[in-house]
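Add chain B to chain A, keeping to what the hints say.
Here is how the chains run, residue by residue.
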Amino acid sequence: MTRLLLASVLALAAGGAFAQDVVRIGTEGAYPPYNFLDDAGNLDGFEIELGREICARAQLTCEFVQNDWDSIIPNLVSGNYDVIMAGMSITPERDEVIDFTQDYYPPTASAYVARSPDVDVTAATVAAQSTTIQAGYIATTGATLVEYATPEETVAAVRNGEADAVFADYDFLVPIVEASGGDLAFVGEGVPLGGGIGAGLRESDAGLRDALDGAIAAMKADGTLNALLGKWFPGEEPPSYDAATQ
Amino acid sequence: MLPDCSDPSALSGLSWLACYLTTGKHLNFYGSFGTVLLLLLVTAPVALALGFGGAMLARSRVAPLSWIGRAYIAVVRGVPDIVFFLFFVIALDQGLEYLRHRIKCPDWDGPVYRGSDFVVCDAAKLPLSNAPQWFHEAYGFALAVLTFAIVFGAFAASVLFGAMKAVPRAQMETAEAYGMTHAQAFWRVLVPQMWVYALPGLSNLWLVLVKASPLLFLLGVEDIVYWARDLGGSKTPQFTDYPHGDWRMWYFLFLLCFYLAFTRLSEIALDRLMRRLTHGQAIAGGEAQRKAALGGAA
Numbered sequence: 001m002t003r004l005l006l007a008s009v010l011a012l013a014a015g016g017a018f019a020q021d022v023v024r025i026g027t028e029g030a031y032p033p034y035n036f037l038d039d040a041g042n043l044d045g046f047e048i049e050l051g052r053e054i055c056a057r058a059q060l061t062c063e064f065v066q067n068d069w070d071s072i073i074p075n076l077v078s079g080n081y082d083v084i085m086a087g088m089s090i091t092p093e094r095d096e097v098i099d100f101t102q103d104y105y106p107p108t109a110s111a112y113v114a115r116s117p118d119v120d121v122t123a124a125t126v127a128a129q130s131t132t133i134q135a136g137y138i139a140t141t142g143a144t145l146v147e148y149a150t151p152e153e154t155v156a157a158v159r160n161g162e163a164d165a166v167f168a169d170y171d172f173l174v175p176i177v178e179a180s181g182g183d184l185a186f187v188g189e190g191v192p193l194g195g196g197i198g199a200g201l202r203e204s205d206a207g208l209r210d211a212l213d214g215a216i217a218a219m220k221a222d223g224t225l226n227a228l229l230g231k232w233f234p235g236e237e238p239p240s241y242d243a244a245t246q
Numbered sequence: 001m002l003p004d005c006s007d008p009s010a011l012s013g014l015s016w017l018a019c020y021l022t023t024g025k026h027l028n029f030y031g032s033f034g035t036v037l038l039l040l041l042v043t044a045p046v047a048l049a050l051g052f053g054g055a056m057l058a059r060s061r062v063a064p065l066s067w068i069g070r071a072y073i074a075v076v077r078g079v080p081d082i083v084f085f086l087f088f089v090i091a092l093d094q095g096l097e098y099l100r101h102r103i104k105c106p107d108w109d110g111p112v113y114r115g116s117d118f119v120v121c122d123a124a125k126l127p128l129s130n131a132p133q134w135f136h137e138a139y140g141f142a143l144a145v146l147t148f149a150i151v152f153g154a155f156a157a158s159v160l161f162g163a164m165k166a167v168p169r170a171q172m173e174t175a176e177a178y179g180m181t182h183a184q185a186f187w188r189v190l191v192p193q194m195w196v197y198a199l200p201g202l203s204n205l206w207l208v209l210v211k212a213s214p215l216l217f218l219l220g221v222e223d224i225v226y227w228a229r230d231l232g233g234s235k236t237p238q239f240t241d242y243p244h245g246d247w248r249m250w251y252f253l254f255l256l257c258f259y260l261a262f263t264r265l266s267e268i269a270l271d272r273l274m275r276r277l278t279h280g281q282a283i284a285g286g287e288a289q290r291k292a293a294l295g296g297a298a
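Protein chains in written order, with UniProt numbering: chain A, 1 to 246; chain B, 1 to 298.
If we strip away everything but chain A, and leave its shape as in the complex, we get (with noise of 0.2 Å):
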């Protein structure tokens, strides 16, 4: 608590961007369990639920807002929105770019689905979605890389055999190869990618990155991250931090 209080103070000596009275969370709303909209058509997933709990721990007002995947980098630099909680995972490429919190999802193994069980995924063509992680890894392995702007339609790709396989993150795929009665598998080895996924914020904006990072740290210290990752990512082992690390 000590550290959220001193973030809070760092934010609001920094003063200047933190200053506003709305902060703007872009999304993508396309990443079932983490971003997605409900069939009203709300914003909701593991993301909506966080950010808003993080706003209320660091007493911020926000709003999420949707963007394409594609511009969603490019919207924040610009100052459309302040955040992003789209699913995006710390890498040294985008941290050139723009700022990320912590980690408040850790870092987990891309997975490969497949139709058939023997798709040699080191030859085969693989489906991901354009400019993330998975797309620039399977672009260093022999596979054929097809690019989809949204991730639905990695996965389309593969049930119409448009692509033998789809490689995306391990939480995305596992209700969709639940739902999907056998047809769709997961095949190969899990991939390590990414230092996690964390909320991304202009360079400039250190004192709202402060505040946001308290946050996390403090509801990873008292349990109730671990308890958002156990309701949205349900499993044998869902993703979870070591409190004692912390």
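It should be emphasised that the hints constitute simulated quantities derived from the structure, not laboratory data. Warning: the hint list may mix true and false statements.
Said to hold, decoys possible - Under the rule of at most 20 Å between Cα atoms (straight-line distance), these lysine to any residue pairs were calculated in the SDA-like manner:
| hint | chain 1 | residue 1 | chain 2 | residue 2 |
| --- | --- | --- | --- | --- |
| 1 | B | LYS125 | A | ASP21 |
| 2 | B | LYS25 | A | VAL65 |
| 3 | B | LYS25 | A | ASN42 |
| 4 | B | LYS25 | A | GLY41 |
| 5 | B | LYS25 | A | GLN66 |
| 6 | B | LYS211 | B | TRP250 |
| 7 | B | LYS104 | A | SER78 |
| 8 | B | LYS25 | A | PRO107 |
| 9 | B | LYS125 | A | ASN42 |
| 10 | B | LYS165 | B | GLY286 |
| 11 | B | LYS165 | B | ARG188 |
| 12 | B | LYS125 | A | VAL65 |
| 13 | B | LYS104 | B | ASP122 |
| 14 | B | LYS125 | A | GLY41 |
Claimed, not checked - Quick list of the computed label-pair ranges, beta carbon to beta carbon:
| hint | chain 1 | residue 1 | chain 2 | residue 2 | range |
| --- | --- | --- | --- | --- | --- |
| 15 | A | GLY136 | B | SER66 | 45 to 51 Å |
| 16 | B | ALA74 | A | PRO238 | 24 to 30 Å |
| 17 | A | GLY136 | B | ALA49 | 33 to 39 Å |
| 18 | B | LEU273 | A | PHE186 | 57 to 63 Å |
| 19 | B | PRO111 | A | PRO74 | 15 to 21 Å |
| 20 | B | PRO237 | A | PRO238 | 55 to 61 Å |
| 21 | A | ALA123 | B | ARG264 | 28 to 34 Å |
| 22 | B | SER266 | A | GLU96 | 46 to 52 Å |
Glycine included, each C-beta is placed from N, C-alpha and C at the ideal position.
Positioned in the frame of chain A, the structure of chain B alone reads:
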């Protein structure tokens, strides 16, 4: 009478479909048709006005004005739409915010461009970050209209420039012989006659504009293609009460019908307009109308 939609998994057949087609998301989808139609209704006259201005500039006898008009036509027509939509909109938005920043926050000492960041004071944000979401959407929509109008205005300018040249020179000479000034001849003789030459080109533009609405989503405005893609994508039971497979084909089929019907209606309206404009014109179509009228009278 709508069935009770509180537990969709218990429904089947038509009542399931009725509930499914009236979810909040679907209502947004239907609403986006209104967004697209509104965009077309606002953009078309603005683009036409810009095109008319561009064509007037391009044929101006003052060289610098003519250069401006010709440069507008050449540059905008030459740049791919998608580049224009990604670059120009952000540049325009930043330009407006920079102007407001200079006016509203003269005491600000930090730089505006910090690495890749564009930072202006909070009072200069456009829209203000505490403005309601509908205002952000209206602002995005206005930017979209302006961008569409500039792009399509350049094409319209090129069409109108050609149409103005196509009006027979003898018409203008006759007008001048009657003592009309250059401006009078332009407005009273050239402009009323040029539309018949411009209409085929303009109607092409209109049909292209109708189909260009998916570019809206690049600007953050949710259009019909965005919603069709989102609604049609397969849905897993964890995240919706209405799980289904990949239904994009049905949604896009619906869009296809919508676009076909809309372009057909446009064609009918444009044909009527063409007949009216042709009336009394010294071109083949006008002559045919005159003969038909004579034949009818005889």
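Hints versus structure:
As the CA atoms of LYS125 of chain B and ASP21 of chain A are separated by approximately 12 Å, the hinted pair is consistent with the 20 Å bound. A C-alpha spacing of about 16 Å is found between LYS25 of chain B and VAL65 of chain A, which places the hinted pair at or below 20 Å, so the restraint holds. Annotation: proposed proximity of LYS25 of chain B to ASN42 of chain A holds, straight-line Cα distance about 8 Å (limit 20 Å). This hinted pair checks out: LYS25 of chain B and GLY41 of chain A have alpha carbons roughly 4 Å apart, not beyond 20 Å.
Our distance criterion of 20 Å between C-alpha atoms is met by LYS25 of chain B and GLN66 of chain A, whose separation comes to about 14 Å. With a C-alpha separation of about 18 Å, the suggested pair LYS211 of chain B and TRP250 of chain B falls inside the 20 Å cut-off, and the hint holds. Proposed proximity of LYS104 of chain B and SER78 of chain A is supported: the alpha carbons are some 19 Å apart, at most 20 Å. Proposed proximity of LYS25 of chain B and PRO107 of chain A is contradicted: the alpha carbons are some 33 Å apart, above 20 Å.
Proximity of LYS125 of chain B to ASN42 of chain A is assessed by CA-CA distance (about 26 Å); at most 20 Å being required, the pair is judged violated. This hinted pair checks out: LYS165 of chain B and GLY286 of chain B have alpha carbons roughly 19 Å apart, not beyond 20 Å. About 15 Å separates the Cα atoms of LYS165 of chain B and ARG188 of chain B, which keeps this hinted pair within 20 Å; it holds. For the hint linking LYS125 of chain B to VAL65 of chain A, the alpha-carbon distance of about 16 Å falls within 20 Å, and the restraint holds.
Between the alpha carbons of LYS104 of chain B and ASP122 of chain B the distance comes to roughly 10 Å, so the proposed pair stays at or under 20 Å and holds. For a cut-off of 20 Å, the pair hint linking LYS125 of chain B to GLY41 of chain A is broken: about 27 Å separates their Cα positions. Under the hint 45 to 51 Å, the C-beta atoms of GLY136 of chain A and SER66 of chain B, about 49 Å apart, fit the expected range. Range check, ALA74 of chain B to PRO238 of chain A: Cβ separation about 59 Å, and the 24 to 30 Å hint is violated.
One distance hint, 33 to 39 Å for the beta-carbon pair GLY136 of chain A and ALA49 of chain B, is violated here, with the actual separation near 46 Å. Evaluation of the 57 to 63 Å hint for LEU273 of chain B and PHE186 of chain A yields a pass: the beta carbon distance comes to about 60 Å. Between PRO111 of chain B and PRO74 of chain A the beta carbons are some 19 Å apart, a value that agrees with the proposed interval 15 to 21 Å. At about 18 Å, the CB distance of PRO237 of chain B to PRO238 of chain A disagrees with the hint of 55 to 61 Å.
A C-beta distance of roughly 48 Å is found between ALA123 of chain A and ARG264 of chain B, which places it outside the suggested range of 28 to 34 Å. For the hinted restraint 46 to 52 Å between SER266 of chain B and GLU96 of chain A, the CB-CB distance of approximately 48 Å keeps it satisfied.
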